[in-house]
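One-letter residues, chain by chain:
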Amino acid sequence: MKRSLFGRIWPNATAVILFAGFVFPVYWMFATAFKPTGDIISENPVWFPTNVTFSHFTKAVHADHFWTLVLNSVTVTVCSVLCSLVIALFAAFALARMRFRGRRGLIVTFMLAQMAPWEVMIIAIYMIVRDDDMLNSLVPLTVFYTMMVLPLTILTLRGYVAAVPKELEESAMVDGCTRMQAFRKVIFPLLAPGLMATSLFGFITAWNEFPLALILNKDIEKQTLPLWLSQFQTAFGDDWGATMAASSLFALPILILFIFLQRKAVSGLTDGAVKG
Amino acid sequence: MSVQTEGTDTAGEPAVRKARIPGPPRGADRDSGSPSRRGVAAPYLLLLPALLATVVLLGWPLVKNGMLSFQNLNPRQLIQHLTEWNGVDNYRKVLTGSDFWKVVERSVFFTAANVVLIMVFGTLIGLLLARLGKKMRLTLLVGLVLAWAMPYIAATTVYQWLFAQRFGVVNWVLDKLGWHSMADYNWMGSQFSTFSVIILLIVWQSVPFVAINLYAATTTIPKELYEAAALDGAGAWQSFTSVTLPFLRPFLYSTTFLEVIWVFKAFPQVFAINEGGPDRLTETLPIYAYVEGVGNQHFGVGAAISFLTILALLVITSYYLRMVLKQEEDEL
Chain W
1 MKRSLFGRIW
11 PNATAVILFA
21 GFVFPVYWMF
31 ATAFKPTGDI
41 ISENPVWFPT
51 NVTFSHFTKA
61 VHADHFWTLV
71 LNSVTVTVCS
81 VLCSLVIALF
91 AAFALARMRF
101 RGRRGLIVTF
111 MLAQMAPWEV
121 MIIAIYMIVR
131 DDDMLNSLVP
141 LTVFYTMMVL
151 PLTILTLRGY
161 VAAVPKELEE
171 SAMVDGCTRM
181 QAFRKVIFPL
191 LAPGLMATSL
201 FGFITAWNEF
211 PLALILNKDI
221 EKQTLPLWLS
231 QFQTAFGDDW
241 GATMAASSLF
251 ALPILILFIF
261 LQRKAVSGLT
271 DGAVKG
Chain F
1 MSVQTEGTDT
11 AGEPAVRKAR
21 IPGPPRGADR
31 DSGSPSRRGV
41 AAPYLLLLPA
51 LLATVVLLGW
61 PLVKNGMLSF
71 QNLNPRQLIQ
81 HLTEWNGVDN
91 YRKVLTGSDF
101 WKVVERSVFF
111 TAANVVLIMV
121 FGTLIGLLLA
131 RLGKKMRLTL
141 LVGLVLAWAM
151 PYIAATTVYQ
161 WLFAQRFGVV
171 NWVLDKLGWH
181 SMADYNWMGS
191 QFSTFSVIIL
201 LIVWQSVPFV
211 AINLYAATTT
221 IPKELYEAAA
231 LDGAGAWQSF
241 TSVTLPFLRP
251 FLYSTTFLEV
261 IWVFKAFPQV
271 FAINEGGPDR
281 LTETLPIYAY
291 VEGVGNQHFG
301 VGAAISFLTI
311 LALLVITSYY
321 LRMVLKQEED
331 EL
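Protein sequence lines, in the order shown, are assigned to chains W and F.
First residue of the first sequence: 1, per full-length UniProt numbering; consecutive thereafter.
First residue of the second sequence: 1, per full-length UniProt numbering; consecutive thereafter.
It cannot be assumed that every hint is accurate.
As the list claims (entries may be wrong) - In silico lysine-lysine, DSSO-like type, Cα no more than 27 Å apart, as pairs:
1. Lys218/W with Lys134/F
2. Lys222/W with Lys59/W
3. Lys222/W with Lys64/F
As the list claims (entries may be wrong) - Pairwise CB distance ranges (calculated):
4. Ile17/W with Leu45/F: 53 to 59 Å
5. Gly66/F with Val61/W: 40 to 46 Å
6. Ala41/F with Thr234/W: 52 to 58 Å
7. Leu52/F with Ile259/W: 33 to 39 Å
8. Ile17/W with Met323/F: 33 to 39 Å
9. Gly235/F with Thr234/W: 27 to 33 Å
10. Thr37/W with Lys176/F: 21 to 27 Å
11. Val46/W with Leu78/F: 49 to 55 Å
These are calculated hints, taken from the structure and not from any lab test.
Just so it is clear, CB atoms sit at the ideal spot from N, CA and C, and this is done for glycine as well.
Next up, chain W with everything else stripped away, as it sits in the complex (with noise of 0.2 Å):
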């Protein structure tokens, strides 16, 4: 009895302290940014929020360039994920639904490109953003950031593609659409879930991407939110108040994101990336 007691107590107390431990970071992050100034530089740690103040999300919103650098992060990342979405939707088409020579080969390399060194490639990007006078622009960030998610939009699509029935599109055409109809009419709904999953892993690559900004952009005004925020406590000081409601930011929305999209991501990639 005794026993069986410890035995249900230790998972939910060890549950209990890891829930703790992962979150209590991004809880020192929200509650950080809504205290005032005078609880977070405290001899002892304000744990709760008590004086809710926005003045912190205030500075953060109004230092120079944030709605810029908003929307230059916003452009690009909404750019690359629609481009590798059009892409890599022929791309999964031919790979879940056709036979042909070398699609296993292509299917490899797509695989190999999925594990594509790009921290390192940096200093010869550069070199080639350089000479081809596009440094400080956000085209050729928008076109390697496709390129970044491009491969795993293409082996999950094409997973979603496989789970749609094939008897749907041939039936469809056997009441006389063609291919290419009853693809748009038939396959793609059944696919707009898939779709928004597959793209909740561009967005997160996209919205996060560093070390590419950090080398191509080194002016303010073509500059993304993650430089703009690896920047923020040198530029503020020790202003953790600000810093972190920057943070909060910066994050929500990729939170608001995953907390929607994530099962279906994780169930699409689980089942979706090994079928077709």
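Following the hints, position chain F against chain W.
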């Protein structure tokens, strides 16, 4: 590591392996009737944009990187747009210098420490998830997902704040626990403590991926296997080693490789937390290539370091790929 969540991660998971769907008989294309020229070309046309993008945007930087690594490229050559080939000089310089090997050694230890911690904690937490009740499991999952979803740079600034010398909550806790010398400790002051913070950050962000996927994998283990094991008189530990572990093995292998690749090339966290400092003592290979190549403007040398890093990654990747391919042999 912006690709942290990516992966054909569960490629090795037996339960999600599906029987191969046989392709249509040749010539079954509706719009062609017989395999006309258009029907045969269709898949290639559909794949053309993706292929083109890969060759140009991935292939060209790779080739360019190789070319740069054989050039004498410093600020002077850069500004005057000079191309000065210098053979294997960059490589000779890099490989004979002691700095490079120190960084390699550091990168290997750094990667090993991270991956071991990630895999051990990820696996334990994944197994714990499987044991928990529904409500508790959901709670822990929410915690994991939040850590997983935190953008790298946001997470980095939060860790800087947690470990801040003045008013940082970690120092306060350590002080209260009786470790008074830690009350005013500068975590960014030494190599070991800076790495501790970086490793904690990376492990915190990476464990959820392993734990959640491992939990998902355990849910697919057929109950009958455990019943059979119990009938054979297996205890908890034995049923774990004879049923759970063999079932999870392919998943564990492929995840370990992916984590090795991701951690080895991790850039944002390592760089953003202290820019490789103090005294360049926390530079791992990608940071070293960046600091040498861009920071110190020895672009050719930087490219050579990058090339060697890519080579190392290629070796790791090829092991991983061979494994995945073996598992999927007939499914591609």
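Status of the hints after comparison with the structure:
1. Taking the CA atoms of Lys218/W and Lys134/F, the gap is near 49 Å; set against the 27 Å cutoff, the hint is violated.
2. A threshold of 27 Å between alpha carbons decides the hint, and for Lys222/W with Lys59/W the separation of about 21 Å falls inside it, so the pair holds.
3. Under the criterion of a C-alpha separation no larger than 27 Å, the hint pairing Lys222/W with Lys64/F is consistent with the structure, at around 25 Å.
4. Checking the proposed 53 to 59 Å range against Ile17/W and Leu45/F shows it holds: the Cβ atoms sit about 56 Å from each other.
5. In this structure, Gly66/F and Val61/W meet the distance hint of 40 to 46 Å, their C-beta atoms being roughly 45 Å apart.
6. For Ala41/F paired with Thr234/W, a C-beta distance near 55 Å keeps the hint of 52 to 58 Å intact.
7. For Leu52/F paired with Ile259/W, a C-beta distance near 36 Å keeps the hint of 33 to 39 Å intact.
8. Checked against the given bound of 33 to 39 Å, the beta carbons of Ile17/W and Met323/F, roughly 35 Å apart, stay inside it.
9. The hinted window of 27 to 33 Å between Gly235/F and Thr234/W is violated, with their beta carbons roughly 57 Å apart.
10. Separation of Thr37/W from Lys176/F is about 23 Å and conforms to the stated range, judged on CB atoms against 21 to 27 Å.
11. Roughly 51 Å separates the CB atoms of Val46/W and Leu78/F, a value that falls within the hinted 49 to 55 Å.
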